[in-house]
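All chains should be modelled from the sequences, with the hints used to inform the complete structure.
Which chain is which? The protein sequence lines are Z and A, in order. According to my numbering, the stretch in the first sequence is residues 140 to 244, in order. According to my numbering, the stretch in the second sequence is residues 2 to 470, in order.
Be aware that a few hints might be false.
Using 30 Å as the maximum straight-line C-alpha spacing, the simulated DSSO-like pairs for lysine-lysine come out as follows [said to hold, decoys possible]:
| # | chain 1 | residue 1 | chain 2 | residue 2 |
| --- | --- | --- | --- | --- |
| 1 | A | 34 | A | 81 |
| 2 | A | 329 | Z | 238 |
| 3 | A | 329 | A | 421 |
| 4 | A | 297 | A | 462 |
| 5 | A | 421 | A | 297 |
| 6 | A | 84 | Z | 170 |
| 7 | A | 54 | A | 84 |
| 8 | A | 84 | A | 117 |
| 9 | A | 155 | A | 117 |
| 10 | A | 462 | A | 421 |
| 11 | A | 423 | A | 329 |
| 12 | A | 82 | Z | 238 |
| 13 | A | 82 | A | 163 |
| 14 | A | 155 | A | 81 |
| 15 | A | 34 | Z | 170 |
| 16 | A | 84 | Z | 238 |
| 17 | A | 373 | Z | 238 |
| 18 | A | 34 | A | 373 |
| 19 | A | 373 | A | 462 |
| 20 | A | 297 | A | 423 |
| 21 | A | 82 | A | 117 |
| 22 | Z | 238 | A | 33 |
| 23 | A | 155 | A | 329 |
| 24 | A | 33 | Z | 170 |
| 25 | Z | 238 | A | 81 |
| 26 | A | 329 | A | 34 |
| 27 | A | 297 | A | 33 |
| 28 | A | 329 | A | 468 |
| 29 | Z | 170 | A | 81 |
| 30 | A | 34 | Z | 238 |
| 31 | A | 373 | A | 421 |
| 32 | A | 84 | A | 329 |
| 33 | A | 468 | Z | 238 |
| 34 | Z | 170 | A | 373 |
Here are some chain Z residues the structure puts well away from chain A; computed CB gaps all over 10 Å [what the hints assert, rightly or not]:
| # | residue |
| --- | --- |
| 35 | 140 |
| 36 | 144 |
| 37 | 148 |
| 38 | 168 |
Worth flagging that the hints you see were computed from the coordinates, not collected in a lab. Yeah, the Cβ is synthetic: ideal placement off N, Cα and C, and Gly gets one too.
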Amino acid sequence: MEAFYQFFNDNIFLIYLLIFTIILGFEVISKVPTVLHTPLMSGSNAISGIVIIGAILLIRQAASDDYFSLSLGLIAIIFGMINVMGGFVVTDRMLEMFKKKKKKK
Amino acid sequence: MVYNFIINLGYLLGAIAFVWGLRLLSSPDTAKKGNTLAGIGMTLAILSALFTKEISGPNNYGWIVGGGIIGAIAGYFAAKKVKMTDMPQMVSVFNGLGGACAVLLAVVELFLIYNKGHAASNSILVILLSTILIGGITFTGSMLAYAKLQGLIKGNQFLLPKHNMINNIMLIALVALGVYLFTLGAGASQNLAIIFLIGSLIFGASFVIPIGGADMPVVISLLNSFSGISAAVAGLIYHNNIMLVGGILVGASGTILTVLMCNAMNRSLLNVLIGGFGGGASTAGKGGGSGDEVVKEVSINDAAIQLFYSDSVMIIPGYGLAVAQAQKVCKEVDDLLSANGVQVTYGIHPVAGRMPGHMNVLLAEADVPYDKLLDLDAANAALPSTDVVVIVGANDVVNPAAIDDPSSPIYGMPVLEVWKAKNTIVLKRSMSPGYAGIQNPLFFKNNNHMLFGDAKDTLTKLATELKEM
Chain Z
140 MEAFYQFFND NIFLIYLLIF TIILGFEVIS KVPTVLHTPL MSGSNAISGI
190 VIIGAILLIR QAASDDYFSL SLGLIAIIFG MINVMGGFVV TDRMLEMFKK
240 KKKKK
Chain A
2 MVYNFIINLG YLLGAIAFVW GLRLLSSPDT AKKGNTLAGI GMTLAILSAL
52 FTKEISGPNN YGWIVGGGII GAIAGYFAAK KVKMTDMPQM VSVFNGLGGA
102 CAVLLAVVEL FLIYNKGHAA SNSILVILLS TILIGGITFT GSMLAYAKLQ
152 GLIKGNQFLL PKHNMINNIM LIALVALGVY LFTLGAGASQ NLAIIFLIGS
202 LIFGASFVIP IGGADMPVVI SLLNSFSGIS AAVAGLIYHN NIMLVGGILV
252 GASGTILTVL MCNAMNRSLL NVLIGGFGGG ASTAGKGGGS GDEVVKEVSI
302 NDAAIQLFYS DSVMIIPGYG LAVAQAQKVC KEVDDLLSAN GVQVTYGIHP
352 VAGRMPGHMN VLLAEADVPY DKLLDLDAAN AALPSTDVVV IVGANDVVNP
402 AAIDDPSSPI YGMPVLEVWK AKNTIVLKRS MSPGYAGIQN PLFFKNNNHM
452 LFGDAKDTLT KLATELKEM
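Written out as structure tokens, the structure reads:
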């Protein structure tokens, strides 16, 4: 239990951030209309590609001859980038279709 | 000092752009801006990560840029070429790749702890093991969801007897193994960690196997949420706030969608995950009249006349519309009717299709203005005064058994009450029950007519008839 208290005290700022982000997330997204559920999902999906930051930091720290870390890191970058790029582009494509009708009316 | 300030400012602005972008995404008018803003946020975050001096190392920029270019090109073309009907598959794949990315990070860091003597604090071990579990489930779960949506795996293929019990035991065993690995600390056997990794991957696939087609929107939302959580947990590895913020936002949005989808089916998440809608339903729900009652058919010509001379028509699209790629010809029929003064609307059930909002995207692709799309409540309010309802490839979402048959597996699920309209026409390939395997008593009602055939084919013929009138 002592270890838990220690962890809590050491990371209190992180815990604040975590809780406020959860609340903020629910507040911001809870009002999305049904029409936009799919773009919301693919758009937020692209944001979850933020995990690519970890891959960048990983490769930057890896020793130049540590081919295990480098090759797995490379795959992670490729996957993360597909997630990011694909997610934003496909969302844009969808939203373009929603916008088009607006003008025609 | 200024350098670090700029880097941190980049991260901060990136995080704000995510929050604000998501906010703008919640209204059709500003959604496109929101997406662009979130993209800018991502760019800022990536730049900051590339140039931060908080970490030291040989940088290996060549590897990063190389991988980034490959991924960007692959992602770009995949996103540009995908058909709107295949959107659920695409989102599944992207979810899975995000999860896989998180797993790879945790695997490398854990390997460095076991083999290269990197420091192993208690918290980092918890974080790494959780990332492997959550990310692994996201990865293989999404890939299996993709395979199911793409039709590579049929319904209950690979379903073992007592599958849900096996899943539960597997999950408990995995968590126990994770705790055990944690207590061993840096001295744990690497083979045990590999078993943990493989177990997580197998569990991910296994937990999606029993979940049937109609429950896909729930699964995809849930995996979306998981992909966010795995990104957030991976962010803890590097003490990176924007990974935490971005991941949590996605986790929250996925959770909200999951809850909305469950509510739309009047089922709890637990029930969807272990209920086996598709599997267990075969015994129940035969009350609708299996065989002895007759359905009335209508010819294309009669249907066209009926539509042409009505005042109001509501079209109810379902997954069948997506399968038949019939959204554009559907809009053509809509145009022909509207030109004749018929008021055409669309009734959209929240779980129609295979992902949240699936039908809205398809109809948007076909240029249907979104103010013609009625959600569940608005559609139900309008139905009693609607002359003809055309049901295109939807089944369970218009099943009256959900209201009046307590023995039906979908009893209690809010549905579109189409039988209250004056007439209904069901476009359907055959009499076979929908994905949920439930017979639909609507087909036997007095004011209902069936129009058998492929949805696209039938709608094309309807359009031809209407043009000649």
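Evaluated hints:
1. For the suggested pair residue 34 of chain A and residue 81 of chain A, the alpha carbons sit about 19 Å apart, so the restraint of at most 30 Å is met.
2. As the CA atoms of residue 329 of chain A and residue 238 of chain Z are separated by approximately 17 Å, the hinted pair is consistent with the 30 Å bound.
3. Between residue 329 of chain A and residue 421 of chain A the alpha-carbon distance is near 27 Å, which keeps this suggested pair within the 30 Å criterion.
4. Distance check on the hinted pair: residue 297 of chain A and residue 462 of chain A sit about 19 Å apart at the alpha-carbon level, within 30 Å; holds.
5. The suggested pairing of residue 421 of chain A with residue 297 of chain A holds, with an alpha-carbon distance near 18 Å, which does not exceed 30 Å.
6. A threshold of 30 Å between alpha carbons decides the hint, and for residue 84 of chain A with residue 170 of chain Z the separation of about 28 Å falls inside it, so the pair holds.
7. The hinted pair formed by residue 54 of chain A and residue 84 of chain A fails the criterion: a straight-line CA distance of about 42 Å is larger than 30 Å.
8. Taking the CA atoms of residue 84 of chain A and residue 117 of chain A, the gap is near 46 Å; set against the 30 Å cutoff, the hint is violated.
9. Between residue 155 of chain A and residue 117 of chain A the CA atoms are separated by roughly 45 Å; this puts the pair beyond 30 Å, and the hint is violated.
10. Distance restraint check for residue 462 of chain A and residue 421 of chain A: the Cα-Cα separation of roughly 27 Å lies within the 30 Å cut-off, and the hinted pair is therefore satisfied.
11. At roughly 26 Å between alpha-carbon atoms, residue 423 of chain A and residue 329 of chain A fall within 30 Å of each other, so this suggested pair holds.
12. Distance hint between residue 82 of chain A and residue 238 of chain Z is fulfilled; the C-alpha atoms sit about 20 Å from each other, no more than 30 Å.
13. Taking the CA atoms of residue 82 of chain A and residue 163 of chain A, the gap is about 40 Å. The hint is violated against a cut of 30 Å.
14. Annotation: proposed proximity of residue 155 of chain A to residue 81 of chain A holds, straight-line Cα distance about 28 Å (limit 30 Å).
15. Pair hint residue 34 of chain A plus residue 170 of chain Z holds up; C-alpha atoms about 17 Å apart against a cutoff of 30 Å.
16. For a cut-off of 30 Å, the pair hint linking residue 84 of chain A to residue 238 of chain Z stands: about 18 Å separates their Cα positions.
17. Our distance criterion of 30 Å between C-alpha atoms is met by residue 373 of chain A and residue 238 of chain Z, whose separation comes to about 14 Å.
18. Restraint check for residue 34 of chain A and residue 373 of chain A: satisfied, since their Cα atoms lie roughly 23 Å apart, inside the 30 Å limit.
19. Proposed proximity of residue 373 of chain A and residue 462 of chain A is supported: the alpha carbons are some 23 Å apart, at most 30 Å.
20. Our distance criterion of 30 Å between C-alpha atoms is met by residue 297 of chain A and residue 423 of chain A, whose separation comes to about 15 Å.
21. Between the alpha carbons of residue 82 of chain A and residue 117 of chain A the distance comes to roughly 44 Å, so the proposed pair goes past 30 Å and is violated.
22. For the hint pairing residue 238 of chain Z with residue 33 of chain A, the CA-to-CA distance comes to about 8 Å; that is within 30 Å, so the pair holds.
23. With a CA separation close to 28 Å, the supplied pair residue 155 of chain A and residue 329 of chain A stays within the 30 Å bound.
24. At most 30 Å may separate the alpha-carbon atoms for a hinted pair to count; residue 33 of chain A and residue 170 of chain Z meet this at roughly 17 Å.
25. Distance check on the hinted pair: residue 238 of chain Z and residue 81 of chain A sit about 17 Å apart at the alpha-carbon level, within 30 Å; holds.
26. A hinted pair counts as satisfied when its Cα atoms are at most 30 Å apart, and residue 329 of chain A with residue 34 of chain A qualifies at roughly 27 Å.
27. In summary, the hint linking residue 297 of chain A to residue 33 of chain A is not supported, as the alpha carbons are separated by about 46 Å, beyond the 30 Å threshold.
28. Taking the CA atoms of residue 329 of chain A and residue 468 of chain A, the gap is near 16 Å; set against the 30 Å cutoff, the hint holds.
29. In summary, the hint linking residue 170 of chain Z to residue 81 of chain A is supported, as the alpha carbons are separated by about 29 Å, within the 30 Å threshold.
30. Simply put, residue 34 of chain A and residue 238 of chain Z have alpha-carbon atoms about 11 Å apart, close enough for the 30 Å limit, and the pair holds.
31. Distance check on the hinted pair: residue 373 of chain A and residue 421 of chain A sit about 20 Å apart at the alpha-carbon level, within 30 Å; holds.
32. Using a Cα cut-off of 30 Å, the hinted pair residue 84 of chain A and residue 329 of chain A holds, with the two alpha carbons roughly 13 Å apart.
33. A distance of roughly 29 Å separates the Cα atoms of residue 468 of chain A and residue 238 of chain Z; the hinted pair therefore holds under the 30 Å criterion.
34. For the given pair, residue 170 of chain Z sits about 20 Å from residue 373 of chain A by alpha-carbon distance, which is consistent with the 30 Å threshold.
35. With a cut of 10 Å on Cβ distances, residue 140 of chain Z stays outside the contact zone with chain A, its closest approach being about 13 Å.
36. Residue 144 of chain Z, annotated as away from the interface, keeps every beta carbon of chain A farther than 10 Å; the closest lies near 13 Å.
37. The claim that residue 148 of chain Z lies off the interface holds: its Cβ sits roughly 13 Å from the closest Cβ of chain A, which is beyond the 10 Å cut-off.
38. The non-interface label for residue 168 of chain Z is inconsistent with chain A: the shortest C-beta to C-beta separation is roughly 4 Å, within 10 Å.
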